[in-house]
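**Student:** Can you make the complete structure from the sequences, with help from the hints?
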Amino acid sequence: MRYTFDNRYFNDTYEGLPVDGYTAWLENMTRDEKIDVRLNTDWFDVRDELVAESPNAPIVYTGPLDRYFDYSEGELGWRTIDFETEVLPVGDFQGTPVMNYNDGDVPFIRIHEFRHFHPEREYPTDKTVIMREFSRFAESGDEPYYPINTPDDRQKLEAYRNRAKAETASNGVLFGGRLGTYQYLDMHMAIASALNMYDNTLAPHFETGTALAGDK
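If you read the sequence shown in UniProt numbering, its first letter stands for residue 1, the second for the next number, and so on.
Hints are not guaranteed to be accurate.
To be verified - Listed next, with one range per pair, are the computed distances between beta-carbon atoms: (1) Asp36 - Tyr101: 36 to 44 Å; (2) Asp142 - Leu50: 20 to 28 Å; (3) Thr96 - Phe206: 38 to 46 Å; (4) Ala192 - Ala24: 29 to 37 Å.
Simulated from the structure, these hints should not be mistaken for laboratory data.
Just so you know, even glycine gets a beta-carbon here, dropped at the ideal spot from N, CA and C.
**Tutor:** So this is what it looks like as structure tokens:
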């Protein structure tokens, strides 16, 4: 709840978005002849092929931690999100990039209005694009977004973390990201975690052959 007219998305001192959007930002980072990008590909469908091609290459797995181990310690609890996009015949729907809804009788949790992320740009005055988010417990086949982290989940997580450390030591697999670590990481935290993994684990391994080590 806000008590001021500060309509920024977050309260951080500095905020920013890639000028051309996140898609272009990611494309620029992967635009190198040494990087092979495969879209719409399940890691588990190509794992054996890729490991055979580069048996000594480290692997950074960022998918669901429980799925990597075929749910051997039980399924971890996740929440997922459904999105609904709509074009409205108004120039400004809500006056802010994101409006959160906490009332139990509202089926969605927030509405995004994209024009307000870049107020310096010109937009049509007769229409605007909004997107509603609907949160629910993830079921089999859903894309997980948020770890639930109940006491039962934490007990399973401890077992998975032990297995992850062994997998790092024996097969050179590192686990990262929100899904791979079962942690609620905001974007800046996920980016910092990736940079720390490279600086402290991958770079020494590539440069001096230092053994890989997972989270302690």
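**Student:** Confirm or reject each hint.
**Tutor:** Here's how the hints hold up against the structure:
{"no.": "1", "hint": "Asp36 - Tyr101: 36 to 44 Å", "verdict": "holds, 42 Å"}
{"no.": "2", "hint": "Asp142 - Leu50: 20 to 28 Å", "verdict": "holds, 26 Å"}
{"no.": "3", "hint": "Thr96 - Phe206: 38 to 46 Å", "verdict": "holds, 45 Å"}
{"no.": "4", "hint": "Ala192 - Ala24: 29 to 37 Å", "verdict": "violated, 22 Å"}
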